[in-house]
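K.L.:
Given the structure of chain A, go ahead and fit chains B and C onto it with the hints provided.
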Amino acid sequence: MTVTSNHYLRRSKNLLMNALSVACAVLVISPLGLILFYLVRQGVTALNWDFFTHLPAPVGQTGGGMGNAITGTLKLLALASVVGVPVGILGGAYLSEYGGDRINDWIRFWADVLNGVPSIVWGMVAYALAVVPFKTFSAYSGGLALGFIMIPLVLRTTEEVLVLVPRSYREAALALGLPQWKMIARIVLPTALKGIITGVLLAMGRVAGETAPLLFTAFGNSHWSHSLAEPIAALPLQIFAYAISPYDDWHRQAWAGALVLILLVFALSAGVRLLAGERKKP
Amino acid sequence: MSAQEPIATSRPPVPPATKSPPAAGSSSARAEGAAPEITFDIRDLSVFYGASQALQNVTLQVLTHQVTAIIGPSGCGKSTFIRTLNRMHELTPGARHTGSIRLLGEDLYGPGIDPTIVRRQVGMVFQKSNPFPTLSIAENVLVGLRLNGVRDKALLRERLEESLRMAALWDEVKDILGRPGIGLSGGQQQRLCIARALAVRPEVLLMDEPCSALDPLATAKIEELINSLRASYTVIIVTHNMQQAARVSDRTAFFYLGKLVEYDETRTIFMNPANPQTEAYVSGRFG
Amino acid sequence: MSPRPDPTAVLQRSSRWSDRSFRLLCLAGASTIFVLLLLVAYQLYHGSHLARAQFGWKFLVGSTWDPVDEVYGALPFIYGTFVSSAIALLIAVPLSVGTAIYLTELAPVRLRQPLVSVIEMLAAVPSVIWGLWGIFVLVPFLRVSVYPVLQHRLGFLPLFQGPIYGIGLLTGGIIVAIMILPIVTSVSREVLRSVPDLQREAAYGLGATRWEVTRIAVLSYARRGLMGAAVLGLGRALGETMAVTMVIGNSSDIAKSLFAPGYTLASVIANEFTEATTDMYLSALFELGLVLLGLTIIINIIAQIMIRAISSKETRRVA
Chain A
826 MTVTSNHYLR
836 RSKNLLMNAL
846 SVACAVLVIS
856 PLGLILFYLV
866 RQGVTALNWD
876 FFTHLPAPVG
886 QTGGGMGNAI
896 TGTLKLLALA
906 SVVGVPVGIL
916 GGAYLSEYGG
926 DRINDWIRFW
936 ADVLNGVPSI
946 VWGMVAYALA
956 VVPFKTFSAY
966 SGGLALGFIM
976 IPLVLRTTEE
986 VLVLVPRSYR
996 EAALALGLPQ
1006 WKMIARIVLP
1016 TALKGIITGV
1026 LLAMGRVAGE
1036 TAPLLFTAFG
1046 NSHWSHSLAE
1056 PIAALPLQIF
1066 AYAISPYDDW
1076 HRQAWAGALV
1086 LILLVFALSA
1096 GVRLLAGERK
1106 KP
Chain B
536 MSAQEPIATS
546 RPPVPPATKS
556 PPAAGSSSAR
566 AEGAAPEITF
576 DIRDLSVFYG
586 ASQALQNVTL
596 QVLTHQVTAI
606 IGPSGCGKST
616 FIRTLNRMHE
626 LTPGARHTGS
636 IRLLGEDLYG
646 PGIDPTIVRR
656 QVGMVFQKSN
666 PFPTLSIAEN
676 VLVGLRLNGV
686 RDKALLRERL
696 EESLRMAALW
706 DEVKDILGRP
716 GIGLSGGQQQ
726 RLCIARALAV
736 RPEVLLMDEP
746 CSALDPLATA
756 KIEELINSLR
766 ASYTVIIVTH
776 NMQQAARVSD
786 RTAFFYLGKL
796 VEYDETRTIF
806 MNPANPQTEA
816 YVSGRFG
Chain C
87 MSPRPDPTAV
97 LQRSSRWSDR
107 SFRLLCLAGA
117 STIFVLLLLV
127 AYQLYHGSHL
137 ARAQFGWKFL
147 VGSTWDPVDE
157 VYGALPFIYG
167 TFVSSAIALL
177 IAVPLSVGTA
187 IYLTELAPVR
197 LRQPLVSVIE
207 MLAAVPSVIW
217 GLWGIFVLVP
227 FLRVSVYPVL
237 QHRLGFLPLF
247 QGPIYGIGLL
257 TGGIIVAIMI
267 LPIVTSVSRE
277 VLRSVPDLQR
287 EAAYGLGATR
297 WEVTRIAVLS
307 YARRGLMGAA
317 VLGLGRALGE
327 TMAVTMVIGN
337 SSDIAKSLFA
347 PGYTLASVIA
357 NEFTEATTDM
367 YLSALFELGL
377 VLLGLTIIIN
387 IIAQIMIRAI
397 SSKETRRVA
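Residue numbers (the numbering used here), protein chains in the order written: chain A, 826 to 1107; chain B, 536 to 822; chain C, 87 to 405.
In isolation and in its complexed conformation, chain A is listed as follows:
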């Protein structure tokens, strides 16, 4: 009868859809496994002490390493943080402690829009601001470009954690006769410190892997950089240069560099997980 046949149809449709959605999940998750598999398989062979400490070998020769690229990335991250972290934290504090509803909505909206600006565009801005006037590529300009990217990220995460600090701590601080700025700077911010650091690490993880903004700011360097005002090597830049080159040995090193880079990025987010502790319910 109609009821029964319709019932079976509905049930099979249900099973089909369930299976499809499981398939989707598998397809979405699998690239991670594929990537990690290849990174490890191709990259591990080139990882040795030389890789971390030596400079790249001259074109065509085997050997050499990415020592300068690794330290370059670390220096760039530090510079980016100098730009991005104070601005982001202060901005997040404004939203949480001072701002009104409407202005806050606006700032959040445009911060989210800013997050969607392609990173290469920030490279162009940093180029115009820091490369052209000084007529040189530099770590400073690279750090500036990365810092631009960090600002909206740190601002949003800082606001989110500051808002979670219970109101009673603010009241207790004010009731002791502390001025508002000290209440914020010496009581509220320290209370939220773990969360703020989490946000900073997340932002650092995001910019550590950025290549495009560095292409014409930091530019890359086959030697050690002696000052921050000259071009500097960075891990993503080196990976890119090696990957598109015609040399097999460089391809191998590109995989190794990629492995190191992904470990750095994952280490930063693991640090986040450690600090975050309690997670939201799935």
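If you're looking for bench data, these hints aren't it; they were derived computationally from the structure.
Predicted model only: the values in this text are computed from it and were never measured.
Note that the Cβ used here is the ideal one computed from N, Cα and C, for glycine as well.
Among the hints, a few may not be true.
To spell it out: a stretch of chain A is covered by chain C in this simulated footprint if at least three of its residues, at any positions, have a beta carbon under 8 Å from a beta carbon of chain C; those stretches are [stated by the list, open to error]: (1) 846 to 858; (2) 894 to 904; (3) 915 to 928; (4) 968 to 982; (5) 1036 to 1048; (6) 1057 to 1066; (7) 1078 to 1085.
To give a feel for the contact side, a few chain B residues facing chain A, derived at Cβ under 7 Å [claimed, not checked]: (8) R631; (9) R655; (10) M659; (11) N665; (12) P668; (13) T669; (14) G679; (15) L682; (16) N807.
Listing some non-contacts, in silico: residues in chain B with all C-beta distances to chain A over 12 Å [claimed, not checked]: (17) G585; (18) G640; (19) P650; (20) Q656; (21) K663; (22) R681; (23) L792.
P.N.:
Just chains B and C now, kept in the frame of chain A:
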């Protein structure tokens, strides 16, 4: 509490009966080191949050070195009242007031008066204890001094012990001063907050239902220390627990629906109230 | 009491000045958001003025990009950007929504957090690493095992005709799809989670199967939010640079076939910026950047509006 003849009257609420101040010398003379007898002189205080009125024409005088209790049913304005005394009600957007409050003769809301200075003179302890989570016990007590620039180590140590003794907490924590403040039990945390408030040596200590989140044993400890604070401080305590008010206070003010209904010596309020509403409340007929 | 004078009495008289300065400092921090927006628009506008003066609006429809003769037109890159992004969306959106459905409606609870963590890890993989994997793993695989089959089956369409190199527009689209999967999945999942349980319970109460509950109660309620997730993915796809550069073939000719090499706005800037020898060349690249900026900002504004529409009162991070 006691059986008594109902006071047959339809009088409006009795204006606060200021009996003669406790014998401490004439009111005009200031003996050396002795504080003036009236700590808070409140006249015609009305408080509005936006369009709604929370307090209506409250006039009363809080006397020095006494414990004054504020009682009344929920929503009667007692929390609002106590927060005007240290300018904390200003933190609520849309709050405004009319009338005057004088602390030791000075207008609390005068032009140029900095609320943060007021709050150093009028300390506050809250309903739920809130020691700062990133600070140790010692750091919690001293935070009001340190963050206001006091660096003298000897003074800090002295104040630390003095405040913790006054809060009846010294013996329990003197060996663990470095531990986090939030590691203590609920009652201990509240006493820590009291020590923290006392460390800046305010003139007045305001307590907004300080025991409502505590068990009877912890409550008893705090009531005992309130009794001993009388010698050095003026205490105003808001409480919904009438028996507590009867136990610890010298004078009691009964608020109802934003108005001060009656204010008198505690014994009078509980045994022999002048106002029928007071009588109805203290005998438990509503609340 | 101690006989010493009370030190707190003489402390800091008025803190108004410090309060004001700190507040101003924080306000300055918050307003960098607007400063950055203005800065990026201004720099790109200013940097492109030579090219804009020379080519005007014809720049957007010009299909010649010839640095030697200094004739510049953006059409090949606009075309490449749109095609690769469209391909990416066609692949990624159904997969992401399907995964989001799995995560919110079907997956066993204990599996959910680990799966979410895997997706977060995927989102963290840098573009250049996808590109590396793309060149050495994906491209050979597609060239050998997938594209010939596609050409065999669908070769009657001009889209699938022509020589197969492995690199090309279609490969670019596929790799961008992989890269936007995490964000579209996360946002879709947030959107689905915000559908109130009452909706689901009502449908279950009527005897619906799980899929029907999802289709009737959840998806229709969340439709606008899911579209917002897709639009957000589009915004991300438009700006993808490194992985695309490494697999798309970098040719500024507009070809009909998806197997042919192409170019996107972001990848041409990445490849040619440091080679720009003349001011006009650089200015033309800046103008491409301006076009890219305009596109991504508009798309992102639309995405943010759509996503906020479904959760009017909450403040959530969506990017």
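K.L.:
For every hint, state whether the structure bears it out.
P.N.:
Tested hints:
1. 846 to 858: Held - the region 846 to 858 of chain A has 10 residues with a Cβ nearer than 8 Å to chain C, which meets the minimum of three.
2. 894 to 904: violated (count 0)
3. 915 to 928: Three-residue rule met by the region 915 to 928 of chain A, so holds; n is 9.
4. 968 to 982: With 6 residues close enough to chain C, the hint holds.
5. 1036 to 1048: holds (count 5)
6. 1057 to 1066: That given contact holds, which follows from 3 residues of the region 1057 to 1066 of chain A lying within Cβ reach (below 8 Å) of chain C.
7. 1078 to 1085: holds (count 3)
8. R631: violated (19 Å)
9. R655: holds (3 Å)
10. M659: At about 4 Å, which falls below the 7 Å cut-off, the nearest Cβ of chain A leaves the hint on M659(B) intact, so it holds.
11. N665: Interface hint status for N665(B): holds (4 Å vs cutoff 7 Å).
12. P668: holds (6 Å)
13. T669: This interface hint holds because 5 Å falls under the 7 Å limit.
14. G679: G679(B) check passes; min Cβ-Cβ to chain A is 4 Å, inside 7 Å.
15. L682: holds (5 Å)
16. N807: violated (36 Å)
17. G585: The claim stands: G585(B) keeps its Cβ more than 12 Å from every Cβ of chain A (closest is about 16 Å).
18. G640: Given that every Cβ of chain A is farther than 12 Å from that of G640(B), nearest at about 20 Å, it holds.
19. P650: violated (8 Å)
20. Q656: The claim breaks: Q656(B) does not keep its Cβ more than 12 Å from every Cβ of chain A (closest is about 8 Å).
21. K663: violated (6 Å)
22. R681: R681(B) is in fact no farther than 12 Å from some Cβ atom of chain A, at 9 Å.
23. L792: holds (25 Å)
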